[in-house]
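> Each chain, letter by letter, is given below.
2 protein chains.
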Amino acid sequence: MTSETTQHSGHPVTMRDVAEAAGVSIATVSLVINDKKNARIGDDARGRVREAIRTLGYRPNALAKNLVSGHSKFIGLVADAIATTPFAGQIIHGAQDEAWKHGYVLLVANTDGNADAEREAIGMMLEHKVRGILYSTWYHRAAAVPESLRETDFVLVDCFSPDGDAPAVVPDEVQGGRAATQLLIDSGHTRIAIINTTTPSPAHEGRLLGYREALEDAGIAFDPSLVFDALPEQEGGYDSVDALLASGATAVFCHNDRVAMGLYDGLRRRGLSIPEDMAVVGFDNQEVIAAHLRPPLTTVALPHYELGAKGVRMLLGVDEHRRDELVTVACPPVLRESIGEARRVPTA
Amino acid sequence: MTSETTQHSGHPVTMRDVAEAAGVSIATVSLVINDKKNARIGDDARGRVREAIRTLGYRPNALAKNLVSGHSKFIGLVADAIATTPFAGQIIHGAQDEAWKHGYVLLVANTDGNADAEREAIGMMLEHKVRGILYSTWYHRAAAVPESLRETDFVLVDCFSPDGDAPAVVPDEVQGGRAATQLLIDSGHTRIAIINTTTPSPAHEGRLLGYREALEDAGIAFDPSLVFDALPEQEGGYDSVDALLASGATAVFCHNDRVAMGLYDGLRRRGLSIPEDMAVVGFDNQEVIAAHLRPPLTTVALPHYELGAKGVRMLLGVDEHRRDELVTVACPPVLRESIGEARRVPTA
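Taken in order, these protein sequences are the chains called A and B.
When you line the first sequence up against the working numbering, it's residues 1 to 348, in that order.
When you line the second sequence up against the working numbering, it's residues 1 to 348, in that order.
No wet-lab data here; the hints were simulated from the structure.
No copy labels: a pair is met if it fits in one copy or bridges any two.
Pairs of lysine to aspartate or glutamate residues, derived as EDC-like cross-links and limited to a Cα-Cα distance of at most 20 Å, are as follows: (1) 73 - 151; (2) 73 - 127; (3) 101 - 118; (4) 129 - 17; (5) 101 - 127; (6) 73 - 97; (7) 36 - 127; (8) 101 - 116; (9) 129 - 151; (10) 101 - 120; (11) 101 - 112; (12) 73 - 35; (13) 101 - 320; (14) 129 - 118; (15) 36 - 51.
Isolated chain A (complex conformation) (with noise of 0.2 Å):
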């Protein structure tokens, strides 16, 4: 058999229908349909309209109503690799909660960072007269704005435009970096190791100058012998333990909590404790991670459905922005049990 047996069966209920159940014209019945407030309808054929558009399940086609209307209920969302990466699809869901509360729809593509596949992503949401787009990559970082973006509203999520002329919502890496590095002095930890990313980027630079911020205004001297590179991952955390031993830190805030789960093997292969032996810190909250580590992994989170949240808001202009205003979201603490309690650290 084929798939024509698939087919959805009974007759679709039409205006005609509706406008013979209302005893009205089928003019009538476009009118009330698409909101013409100026319409000359007694409320009293308005209200048998509505009334047999819901007794009969009518749907109005809402492809008419944009055209006449002359504009979509269409938000479009751009993303390289957003809906395939871990935890990132929480841009997604704050950006179509958002749209939702105003009445609009989203409209999602995926791009795997292909040029192709992204300029006919943004042709496509054009043609469908998008009331705007959100252009979003998967992790922080600048990001050449095409140029036909520039026919609509737009607006950068989790990136953001090398020339700075562009409105765009980013993580606030500094203010994270700081957040988790004060976990660990309020702790009474003054010999605090950062294991940053290998690779330059807003997280990278952002994340370490927080962490020097927070040392400052705690008046502990930066060393930077306690500044590590490793690669983002849990291998990077794994052979960064010797070193950071060697260092004589009692606590470290390492770059993401995949950093932090190879770190906790490293130390346990080393008959260490945590946090008695070392305090740890993390980042993102990638929870399938750091809620179930052992201990559980306290740590900074990466606000991506506030991202996807506050881009809609941009981009509707229901939170006010300049053209090329950077928006900063916080990045919240996430306390679980791998500092443990606080408690006095000689200095080293």
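Chain A is already provided as a structure; the job is to place chain B on it using the hints.
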């Protein structure tokens, strides 16, 4: 300043601009854009219109085009949490790639399992005259088919109707369970445990059945004392270690990669090595975990990308199926290092 300043600049190219550049009437431009094959337009004029569209960067109004053709090029994807779970986002990815291949665009709505949001999402899609709807869940389960879905073509993805009256595509849990167990048998093990989930589900029943079938085919007697149930996350694996070791098993098939991750921690705490003291195979292929454990975890992949792609092919009739058919997609093994080389183990 307000977001008004983000308004894009420039006058959009109109159909009139195209007509003037091509030296034809607006009606002719419209006919070319809407691909009216029977319209009497010379190849020369048609070519000039297309050239003008390209040169001017005119974007046809897809809303108008869809209205003329009576249908849209949308496929809806309604998901209960798909865009927000660590790896089921691959369903979106597969669906979108396949939809694009056939000239369709994906409208994505995430409902968080909320019935009102679901009704609204399906209603919105019907009003946009979608070609059909994929209805998807973030883990394989039975799902009641919302009544409004039956107003259009639809395919259930990663879920199925308990009444067996709807087309669906789901992972082949039995084959996956067989594949996982077979890897351990091929490596010479005969005392093979399974740590299953505590939750009744197609994954629970299917993988256990596959485990039993593989043992039976290999002439290994099924031993109920080798079947354990645990929470399907790290804690469940960790807490199963004592019972697992007491059973005399030399190899274990874990319900998912998270259980395997917890088991790794538990075995290590006992000073045991993987795969020397215990061969381990997982399920899911959750990359961020499986590929980065020590040793990297051999597992069986949930075919999320293929579920999405197959769903679209079924919906469009590219792949034929019966209207009530439950189509399964194979779960492929992913070989890493947690089983080790083939060896002979004496039967207990």
